[in-house]
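Q: Take a look at the letters that make up each chain.
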Amino acid sequence: MIMNTLTKNILATFVTLLFIASSAMGQNVSFDKANFPGKEEQFKVAIKNLKAADKIYSSEFPDFKAAIEIYLPVDSFNPNNADLNYKLGKCYFKIKDYTNAITFFEKAKSLDEKVNIELNFYLAKCYHINYKFDESLELLIKFRQILDPITITQYEKLIQKEIDECETGKILVKTPIRVYTKNLGEAVNSKYPEYSPVVSADRSVIFFTSMNPTTTGGGIDATRNQYFEDIYFTEKDSLGNWGKVQNPGKPLNSDNHDAVVGISNDGQQLYIYKGEDGGDIYSSKLDGKLWLKPISLGKSINSIYHESSASFSYDFLTIYFVSNRPDGYGEHDIYLSKKDSKGNWGSAENLGGDINTPYEETAIFAHPDGKTFYFSSKGHNTMGGYDIFKTTYENGKWSEAQNLGYPVNTSGDDVFFSLSADGKYGYYASKGADSYGSLDLYEISFLGEEKQLVTNNEDNLLAFRTEGTKEDVSESKVDIQEVNLTILKGIITDEYSKEPLFAKIELFDLSTNQIISTFENNKASGKYLVSLPAGKNYGITVNSENCLFYSDNVDLKENQGFKEVIKDIQLKRITVGSKVVLNNIFFDSGKSTLKPESQSELDNLIKIMTDFPSLKIEISGHTDNVGSASFNKTLSESRAKEVVNHLISKGISADRLTFKGYGFDEPRATNDTPEGRQQNRRTEFKVLSR
Amino acid sequence: MRKWIFTFILTILFFGIMAQENKPSEVLDTIKTVSAADNQTAEKIYNQGIVLFQQGKYDEAIAQFNEAIKIKPNFAKAYINRATSKVEQKKYAESISDYNMAIMLEPSAKSFFSRGLVRYQMKDYSGAISDFNSCIKANNSELKAPAYYYLGCVNFDQKNYDEAIKFYNSAIENKADYAYAFNDRGSAKKQLEQYQEALKDYRRAIQLNPQMAFTFNNMASVKKKIGDLEGAITDYSSAIELKPDYYIAYNNRGSVYLLKNEFDKALADFTKAIEINKDYAFAYNNRGNAKYKQKRYEDAIKDYDSAISIDENYGFAYLNRGISKEMLRDEEGSCADWKKAYSLGIETAHNYVQAQCK
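As you go down the protein sequences, you meet chains H and R in turn.
Under our numbering, think of the first position of the first sequence as 928, with each following residue one higher.
Under our numbering, think of the first position of the second sequence as 536, with each following residue one higher.
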């Protein structure tokens, strides 16, 4: 008996202790009338609200914000219900308010860790997004341990992915890349969301998408209670500042959603996303000052599935786009399609397993250098959500996708990144501390690896000498990422009227005499821009109706960095006496043998002679002043004759052609510099009659 | 560029070889050495020349030596002293022809040694080497060790460090307590990246002459090189203690603090170096670096400006200033600086220009 009492007492003490311990943890208070004596009315209201909110919570497309509104007063009535705290945490998680989500999840955990099997998993996700990688990892491992063998198969992949992302996050945050981010400012950004910016190669114009009251038609999408998306743009003014945002209006924008996804290097063409037919890509062209009605890219690109993003290649001959059509690597993948000789898009090719993962890929961006690509992915080594990755395509191979690094990438979604041709400025949307509200457009400049300062020191190495000996400094190599391409841009005008001329620009690879691509300039402004990736000898021909063609030669070696060349071109009307330099006619040194690289230029000549059958011309040869006058005169004449002979051999009547050698009698430039001498060595074409 | 201690040469000529190491030896050419011959006019004039020389009146001294030579055209010592006076006036070529004359008249270890020094000063390394060798052959017990020492120095300057070490060895064989030779041999070993051996020599040099602040400095720099930053700070501090105006050591110690990310201490040392020598461009440059590390980019630029105003060809100061300007988003400014730095031979700057500038 005595023993029994003792046992009872011990038990009582133990229970008390247990109670104290659990109340320190918080005690789960269930919604049971008995727990709220004297509060019957409030209890009734709470139960009613709880049921209403639960209904929203478990609906097919829950409005989590609305659920939160109703849950919160219930939570004030009974703050200690584990399940309610868990649900509030989940609601906040769904609306991406991770700080509040953590508060409620942690509370739920303190009340009853077992309230929901996924509690630790979701809390781990919140920690992950808030950069608490170690806390997240700890929970994930715990979560994995408590799962039974059957449930674990369901979660294992998700857990492992979370763990991998946290591990990546730890590494990336420890080694941030040096960047400078700048809000594009109040001329561009507003309290409404601005996002998915695309930039022209020369950073003269940015197109982006926004949802704000100026949307065409002014409508609101009831399903998300936001203005319909419209496409907007901002242009750089002469001082280099972004100008006031403009809405290009109809027909580029419609009364529905209109979102921009890609821009051509010259800013003259856009790819746009429309929600029709499961989501399709359209293109629109700038005709002078007006954007033409967007047209669908056709059935090679657009399927019944979701096509969501696309990018122009530098030569307009390939399109890179995103689709979730079946037979991919999973979710959305990146595809390409090439233009056939008739100008139609060929069948889509998946970029393959080096780029596409079982997870989401989107927002492809092809850099003007023709070989570097940026895209967003939830796979690869993302540190969470979408990260932006870079890859290069060379010698038929995609390089391993490279995470752009923190802080460009964050633990959240980082999508849509567009980079200037010089590789120095990226544009993306973010909600930074200096945001005007909602998503804003930011410019990011890459500072590269930290540059090493050099400190100089001296020693008195030799005893007899008072002045110090300077210590050798080993200059540390800093790996600097280089973009190798040349942007050629300018205005094409009529030499006499100075008015802008609408022209066709043909780009040749002189080593193969193959036409690479054909571009057009803007007929209203006369502006043109072509991107020339390094490593080719380019021939450029500019043609406009009733004008003599203009030709130029740009020989670009590999690894010569980025250059922006401004070349305004004045075309000459075909009138008697007008003459042009044939910049792409090449001879063997000191001889009159035509080099094969001259082929495309000779074809230009034949074309103009065919197009204007009464045209009579003189072909003249000119040299620099190296060597004797007689030698140069003979050489220039035999070269001019060689061109004429070629034209005759191609069927141009000899009586329409004369040739003359001027030696160095008519220089165009100084003979004192190598550049000048090069300009003086030339073949010219002069109209004698038409 | 390199200044010499000419008083040192003179010390050799007038007061003995290693006066600096507190070992006075025989006086070279003074009145005492002039024999009292029949006609002493030339000698008297010569002695007056020496007095004038000692007063720093080199023109007048030369006039006296001229006079003495006029009277006595084979007066070798007068040629030697006239040469020495001309060295004081930096008329090296003229001094060489006087030494030539003296050697022709009366070849001696001392005249070879003296001419060797002047030739070394004139960067006539082969001439200097041949003179020091002649000096050694003449077998003057006082001058043998210094001649080896300078052969070491000539080789050091030509970056023949292995050769230099051999000569310093010989210098030490001839003069076991030759502190300078130990210091310099340590330096040659440092250049060969034999850091532990270098430290050994520096320690020996300090044992022999604990007043050699520069050896403490050199020792510290080796320690810095091998990553013993604490040791380096201690030794630079010893150097500064021995020689409170040793701005080079302040600048060096500041650089170690910079490596240790102790920016305030670094800044204080660089400032001290500048206080002592307001024209010390390196200290301005380095202080700029310390300010950069404190993210005080504008202040850093001011220091680089000062460094550049002292030495307009200071490539690294341009490089560093460009880096600071970059942090201030001054793209044009940084590119201009890097272009200038590259034009002054800084390769790194070229990388920056290529990657980041239009």
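The hints are simulated quantities; they were obtained by calculation from the structure and are not laboratory data.
Be aware that a few hints might be false.
[Claimed, not checked] Mimicking SDA-like on lysine to any residue, the simulated pairs with C-alpha atoms at most 20 Å apart in a straight line are: (1) H:LYS1397 x R:LYS760; (2) R:LYS874 x H:SER1181; (3) H:LYS1109 x R:LYS701; (4) R:LYS830 x H:LEU1374; (5) R:LYS830 x H:LYS1201; (6) H:LYS1088 x H:ASP1361; (7) R:LYS874 x H:LYS1088; (8) R:LYS874 x H:GLY1488; (9) H:LYS1201 x H:SER1181; (10) H:LYS966 x H:ALA993; (11) H:LYS1397 x R:LYS658; (12) R:LYS760 x H:GLU1398; (13) R:LYS778 x H:THR1396; (14) R:LYS830 x H:GLU1376.
[What the hints assert, rightly or not] Not the full set, but computed from the structure, chain H residues with beta-carbon under 7 Å of chain R: (15) LYS982; (16) GLY1280; (17) LEU1380; (18) ASN1383; (19) ALA1390.
Every residue, glycine too, gets a C-beta built ideally from N, C-alpha and C.
Q: If a hint holds in the structure, say so; if it does not, say that too.
A: Going down the list of hints, with the structure as the test:
For the hint pairing H:LYS1397 with R:LYS760, the CA-to-CA distance comes to about 14 Å; that is within 20 Å, so the pair holds. Note on R:LYS874 and H:SER1181: the hinted pairing is violated, with a Cα-Cα distance of about 51 Å set against a maximum of 20 Å. Our distance criterion of 20 Å between C-alpha atoms is broken by H:LYS1109 and R:LYS701, whose separation comes to about 62 Å. Only pairs whose Cα atoms come within 20 Å are accepted, and R:LYS830 paired with H:LEU1374 is accepted, the gap being roughly 15 Å.
Simply put, R:LYS830 and H:LYS1201 have alpha-carbon atoms about 48 Å apart, too far for the 20 Å limit, and the pair is violated. The hinted pair formed by H:LYS1088 and H:ASP1361 fails the criterion: a straight-line CA distance of about 32 Å is larger than 20 Å. With a CA separation close to 47 Å, the supplied pair R:LYS874 and H:LYS1088 exceeds the 20 Å bound. Taking the CA atoms of R:LYS874 and H:GLY1488, the gap is about 15 Å. The hint holds against a cut of 20 Å.
Straight-line distance between C-alpha atoms of H:LYS1201 and H:SER1181 comes to about 10 Å, which keeps the hinted pair within the 20 Å bound. Only pairs whose Cα atoms come within 20 Å are accepted, and H:LYS966 paired with H:ALA993 is rejected, the gap being roughly 26 Å. Between H:LYS1397 and R:LYS658, the direct Cα distance comes to roughly 18 Å. Compliance with the 20 Å bound is thereby established for this hinted pair. The straight-line distance between the Cα atoms of R:LYS760 and H:GLU1398 is roughly 11 Å, inside the 20 Å bound, and the hint therefore holds.
In summary, the hint linking R:LYS778 to H:THR1396 is supported, as the alpha carbons are separated by about 18 Å, within the 20 Å threshold. Our distance criterion of 20 Å between C-alpha atoms is met by R:LYS830 and H:GLU1376, whose separation comes to about 17 Å. Taken as an interface hint, H:LYS982 does not check out: its beta carbon lies about 54 Å from the nearest beta carbon of chain R, beyond 7 Å. Checking H:GLY1280 against chain R by beta carbon gives a least distance of about 32 Å; that is not within 7 Å, so the hint is violated.
For H:LEU1380, the shortest C-beta to C-beta distance to chain R is roughly 4 Å, which falls under 7 Å, so the interface hint holds. With a least beta-carbon distance of about 4 Å to chain R, the hint placing H:ASN1383 at the interface is held under the 7 Å criterion. Residue-level restraint check for H:ALA1390 holds (minimum Cβ-Cβ distance to chain R is 4 Å; threshold 7 Å).
Hint check: violations occur at hints 2, 3, 5, 6, 7, 10, 15, 16; the rest are consistent with the structure.
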